[in-house]
Structure formats: C-alpha cells, structure tokens
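With the hints as extra help, turn the sequences into a complete structure.
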Amino acid sequence: MTSLKNFRWIENKKLFLILFVVIFVLKFPIMNTPHHWDSISRDLPISMWIKNNNLNPFPRIENYNGHPVLFYEILALSFLFFGESLLVSHLVVLIFSFLSVYFTYLLGEYLYGQKVGIIAALLLLFSPLFFAQSGIVQIEIVFTALSIITIYFAIKSELVWYIISGNLLVLTKEPAILIIISILIYKFMKNSKKLLIYSIPLFIFALWMITNKFVFGWFLYPQSVSYFNFSTSLLLTFFERFKEIFVWDYKWILTLIISISILKFYVSGKKIKIKSLLKTENFVFLLIVLFINILNSLIGKFFLIRYILVLYPIFFIAGSNALNYVLKKNTIIIFVTLFLIGLFINRWEGNRTNSCGCELESNLEYLDLIETHKNSTLYIETNFPNSTVLTTWPQSRELTLPFLGYIKSPVYVKTVSEELITCTRISYFNGSLNGVNLICYSPQAHQPEKLLEIIKNLNLTLIKRFEKNGKYTEIYALNGLLLI
Numbered sequence: 199m200t201s202l203k204n205f206r207w208i209e210n211k212k213l214f215l216i217l218f219v220v221i222f223v224l225k226f227p228i229m230n231t232p233h234h235w236d237s238i239s240r241d242l243p244i245s246m247w248i249k250n251n252n253l254n255p256f257p258r259i260e261n262y263n264g265h266p267v268l269f270y271e272i273l274a275l276s277f278l279f280f281g282e283s284l285l286v287s288h289l290v291v292l293i294f295s296f297l298s299v300y301f302t303y304l305l306g307e308y309l310y311g312q313k314v315g316i317i318a319a320l321l322l323l324f325s326p327l328f329f330a331q332s333g334i335v336q337i338e339i340v341f342t343a344l345s346i347i348t349i350y351f352a353i354k355s356e357l358v359w360y361i362i363s364g365n366l367l368v369l370t371k372e373p374a375i376l377i378i379i380s381i382l383i384y385k386f387m388k389n390s391k392k393l394l395i396y397s398i399p400l401f402i403f404a405l406w407m408i409t410n411k412f413v414f415g416w417f418l419y420p421q422s423v424s425y426f427n428f429s430t431s432l433l434l435t436f437f438e439r440f441k442e443i444f445v446w447d448y449k450w451i452l453t454l455i456i457s458i459s460i461l462k463f464y465v466s467g468k469k470i471k472i473k474s475l476l477k478t479e480n481f482v483f484l485l486i487v488l489f490i491n492i493l494n495s496l497i498g499k500f501f502l503i504r505y506i507l508v509l510y511p512i513f514f515i516a517g518s519n520a521l522n523y524v525l526k527k528n529t530i531i532i533f534v535t536l537f538l539i540g541l542f543i544n545r546w547e548g549n550r551t552n553s554c555g556c557e558l559e560s561n562l563e564y565l566d567l568i569e570t571h572k573n574s575t576l577y578i579e580t581n582f583p584n585s586t587v588l589t590t591w592p593q594s595r596e597l598t599l600p601f602l603g604y605i606k607s608p609v610y611v612k613t614v615s616e617e618l619i620t621c622t623r624i625s626y627f628n629g630s631l632n633g634v635n636l637i638c639y640s641p642q643a644h645q646p647e648k649l650l651e652i653i654k655n656l657n658l659t660l661i662k663r664f665e666k667n668g669k670y671t672e673i674y675a676l677n678g679l680l681l682i
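Each residue of the sequence shown is one higher than the one before, starting from 199 at the first, in the working numbering.
Just so you know, not all the hints are guaranteed correct.
To be verified - Derived pair list, reagent style PhoX-like, types lysine-lysine, alpha-carbon separation capped at 25 Å:
#, residue 1, residue 2
1, Lys411, Lys249
2, Lys411, Lys354
3, Lys212, Lys225
4, Lys666, Lys572
5, Lys606, Lys572
6, Lys606, Lys249
7, Lys212, Lys354
8, Lys572, Lys648
9, Lys313, Lys572
10, Lys211, Lys313
11, Lys572, Lys612
12, Lys225, Lys666
13, Lys654, Lys666
14, Lys211, Lys225
15, Lys462, Lys441
16, Lys526, Lys462
17, Lys354, Lys388
18, Lys662, Lys499
19, Lys606, Lys526
20, Lys612, Lys648
21, Lys612, Lys654
22, Lys572, Lys225
23, Lys462, Lys411
24, Lys354, Lys391
25, Lys313, Lys212
26, Lys313, Lys462
27, Lys606, Lys666
28, Lys662, Lys572
29, Lys526, Lys313
30, Lys354, Lys211
31, Lys392, Lys411
32, Lys666, Lys648
33, Lys441, Lys499
34, Lys313, Lys354
By construction, these hints were calculated from the structure, which means they are not laboratory data.
Here's what the structure looks like:
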C-alpha cells in the first residue's frame, strides 16, 4: 500500500496553486450569479432543508430527487459555517471544478507524461460544457471530480485514497456504481488479489440503498427508476449520445486525431492484442464510456447534456495522448492545443431562442437567461411589489425565494394549472385570473406555451421586455393594473 506521504498533491504544490488561481480568476465574475434551473428546484432547497434540520441526511422535502446526499450535506455545512450566500455555494462548486481539472492533469501525467496531463487539463477547463457547469451549483461537477479522483487512485493502486474517494463517489450519485464496477472489472483482468477491498464502495452503496428502504420505503428513487425505457429506438439514442460525447463542440477534431493515432499504431506494426488491452488503463476508460453511455441512452427523453460531463476528463486525456503521439513536435502540439481552446471559447456564447433553460447550460448561454430573469424580477419587485404574478417554473421560485439571488423580498405568485390551459374560453380565463396583475413570460422557462396561450387569448398588453442574445423575458399587465 502506498504511503500517504507520497500523496501527489504535495509533490505538485506549485501547479496546484497555479491551476486554482487560474480557475478562480476565470470564474470570479459569476461568483455572485443567481442560481439556475435544477439548483432552484432541488440542489439548493434540499441543502437548505438539511441545514435547517440539524444536517439530517434523510430529506423530507417534496423536491428530494433520491440522490445520495453527500453534495447536499457539503452545501448545508458550508451554509451553516459561512452563511447562505451565493458566494459560498459557488465557491463549493469552484473547488470541485478545480479538483476535476487538477486530477485530470494528474491522471494524464501519470499515464502519458506531464505534457499530456497539462493539455488534457486545459482542454477540460475551456470546454464549453465544463466551463458552464463549473459556474452552476449542481451535482454534476462534484460527481465528475470524485469520479476522476477515484479512477486516478484505482489506477495507481493507492488503496487508502481509493476507498475514501470511492465511498464519497457512491454517496454522491447513483451512476457512480458504474465507475466502481468498471474499476473492478479492470482490476480483475489485471489479476488483482485485492478485489474485495476494491469492492468496498459497492458495499457502502448497498448499505445506502438498504437504509433508504427502512426510511423511505424504496431502495432507489421510484421516479428515477421509471425513467428507464427499453424502446426500439434505444440503439439510435445510443449513437446520439456518442455523437454528443465525441462530436459536438469541435470535439470531432480530437476524435479524428484519436482515430489517426490508432491507425498509425496499426501501420507501425504494433497491433493491439485483446489480452493486453484488457489489462491496460484504456480498458477501464472504454468500460466507463460504454456503461455511462448505455445508462444515458436508457433514460431517453429525461437525459440532460450535463450527464456526459463525467466522461470529459477521460475523453480529453485520450485525445491529448493521441495529439502528442500523432503530431510529435512541441510547436505543432502547442499550436493545435491553443487552436482547440480558441474553438472551445468561441462556443461559450450563442443565440438560441426557444431552447429550454436546461439546454442552455451546455455553454454560457444560461447566463443570458439568468440576466433576463434577474432584470424582470427586479423590475416587478421595484415597481409592483404588491402585485400578484402569474408565471411558470422556474420564475415562480425566482420571485418567491430570496436566497436564490433574484429578489430581496418575495412577490406573490400564482402558477399556471393544467386545468386553466386546457380551457380556451376567454371568459374562463378572466374568471380564473381574478387577482392576477402581471404575467411574467419567458420562452426558455418550463412549459412556456401555457402562458403564451393565455397571453394570446386575452390579447394582453406588453409593458416590459428584457432581452439578451435571443433569450428574453416579457411582462404583461391585466385586470386594470395601474401602470407606473
């Protein structure tokens, strides 16, 4: 067993500090940004509940999504000791973002050399999806960080640190067991005599499920399990997920280079033997990509683009190694790396108009959405503090929960019901909207078509519009509202 004194963080103290400072400087502009999408409905409310209930690890809250509660406990502890501010929650995510980048470097450096490690870390940092997620208080960055940390310690056979990180990983999100199973298969193929020890995280996960059964009555969250779909389109979905991993956002360039490196390996006469492949680190990478891709395919329409983030460190390590193997010369490698980073940065922005808010978090367009929502809530709070606002989620929460960062004082909100929308009679609308003064509409919100139908049927007056890069929020007046 490797001595704890040989822990790599100590050996790379200078790079550790440099990377942290770089990431902190890059993400500093968003440290006071209001929360976004699932942060609003799940991550923050669950964490706040835990903090307000003596760190109880069994959330009794409507929005609890069944995930293991490690991330929520970390947020709750942070709020308890440092306050319930936007800065605190963003700092938590920033730390895990840094760990993702740093351990991507460590794994790349350990397997293929320092040059590959640095390139992989930089490509990960500047990739649009990762850069966006590193500013959103959601579970995915934590899952990604703990995954690459666990893979790193498993490949290095540092059992103590592997057990610690592996246990934390399975207490973060359910797909973690696919990472652990991949590692176990890899260790089995390498004829490891410590498989039982490497299996400890699986026992911890099983214990968590058994505890759920006693506390909640289910092993795994029933709604999440219901998402699985074994339809005839599964194979098509599987290839669509692969395209998102290997093609989108100029990643096809690295995929092409990986393909060229494999072809070059064959041409050179160094054919890959199956038995040898099964005992290399590439095999565990392949397993993880395959298992995560199958899982993301099975959940079908409930898939979110951030679910592939956990595969990014692996992809960029493989791509950086291929880049180094194919191009050879440092000047060319540096040029191509900088060129890729430039392409990634170019993809940070966009002008999608009718995309759902959860789709906008694939790059920094989610900040455009937040800005239009922030401006609209501020306008309502300032000019119509006593009004009643009809809107949909997430603005229904943005207007009522100050800790989300949009308002200082709650505004009274009504949300659109299914019954209200299914009836198209204007007289019904008028009767059901008694007391409502404003309608707050955003095409990027959840099911915005419901509000749009009301606006069109009642021919309402637009009093304010906030827009940025195709994202916008509109405020309409009704029921004789006195305009200011």
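Hint check results:
A hinted pair counts as satisfied when its Cα atoms are at most 25 Å apart, and Lys411 with Lys249 qualifies at roughly 23 Å. Using a Cα cut-off of 25 Å, the hinted pair Lys411 and Lys354 is violated, with the two alpha carbons roughly 36 Å apart. Proximity of Lys212 to Lys225 is assessed by CA-CA distance (about 20 Å); at most 25 Å being required, the pair is judged to hold. Under the criterion of a C-alpha separation no larger than 25 Å, the hint pairing Lys666 with Lys572 is consistent with the structure, at around 12 Å.
Between the alpha carbons of Lys606 and Lys572 the distance comes to roughly 11 Å, so the proposed pair stays at or under 25 Å and holds. Between the alpha carbons of Lys606 and Lys249 the distance comes to roughly 21 Å, so the proposed pair stays at or under 25 Å and holds. Restraint check for Lys212 and Lys354: the C-alpha separation of about 22 Å stays at or below 25 Å, so the hint holds. Restraint check for Lys572 and Lys648: satisfied, since their Cα atoms lie roughly 21 Å apart, inside the 25 Å limit.
Restraint check for Lys313 and Lys572: not satisfied, since their Cα atoms lie roughly 43 Å apart, outside the 25 Å limit. At most 25 Å may separate the alpha-carbon atoms for a hinted pair to count; Lys211 and Lys313 meet this at roughly 17 Å. For the suggested pair Lys572 and Lys612, the alpha carbons sit about 18 Å apart, so the restraint of at most 25 Å is met. About 21 Å separates the Cα atoms of Lys225 and Lys666, which keeps this hinted pair within 25 Å; it holds.
For the hint linking Lys654 to Lys666, the alpha-carbon distance of about 23 Å falls within 25 Å, and the restraint holds. This hinted pair checks out: Lys211 and Lys225 have alpha carbons roughly 21 Å apart, not beyond 25 Å. Proposed proximity of Lys462 and Lys441 is supported: the alpha carbons are some 23 Å apart, at most 25 Å. Between the alpha carbons of Lys526 and Lys462 the distance comes to roughly 13 Å, so the proposed pair stays at or under 25 Å and holds.
Distance hint between Lys354 and Lys388 is fulfilled; the C-alpha atoms sit about 13 Å from each other, no more than 25 Å. Taking the CA atoms of Lys662 and Lys499, the gap is near 34 Å; set against the 25 Å cutoff, the hint is violated. A distance of roughly 57 Å separates the Cα atoms of Lys606 and Lys526; the hinted pair therefore is violated under the 25 Å criterion. For the given pair, Lys612 sits about 13 Å from Lys648 by alpha-carbon distance, which is consistent with the 25 Å threshold.
Distance hint between Lys612 and Lys654 is fulfilled; the C-alpha atoms sit about 19 Å from each other, no more than 25 Å. Between the alpha carbons of Lys572 and Lys225 the distance comes to roughly 19 Å, so the proposed pair stays at or under 25 Å and holds. Straight-line distance between C-alpha atoms of Lys462 and Lys411 comes to about 53 Å, which puts the hinted pair past the 25 Å bound. Proposed proximity of Lys354 and Lys391 is supported: the alpha carbons are some 15 Å apart, at most 25 Å.
Of the supplied pair hints, the one linking Lys313 and Lys212 holds, its CA atoms being roughly 16 Å apart against a limit of 25 Å. Between Lys313 and Lys462 the alpha-carbon distance is near 20 Å, which keeps this suggested pair within the 25 Å criterion. This hinted pair checks out: Lys606 and Lys666 have alpha carbons roughly 23 Å apart, not beyond 25 Å. Restraint check for Lys662 and Lys572: the C-alpha separation of about 13 Å stays at or below 25 Å, so the hint holds.
Among the hinted pairs, Lys526 with Lys313 is consistent with the structure: their alpha-carbon atoms are about 11 Å apart, no more than 25 Å. Straight-line distance between C-alpha atoms of Lys354 and Lys211 comes to about 19 Å, which keeps the hinted pair within the 25 Å bound. Between the alpha carbons of Lys392 and Lys411 the distance comes to roughly 30 Å, so the proposed pair goes past 25 Å and is violated. Only pairs whose Cα atoms come within 25 Å are accepted, and Lys666 paired with Lys648 is accepted, the gap being roughly 23 Å.
A distance of roughly 16 Å separates the Cα atoms of Lys441 and Lys499; the hinted pair therefore holds under the 25 Å criterion. For the hint pairing Lys313 with Lys354, the CA-to-CA distance comes to about 19 Å; that is within 25 Å, so the pair holds.
This entry does not satisfy hints 2, 9, 18, 19, 23, 31, going by the numbered hints stated previously.
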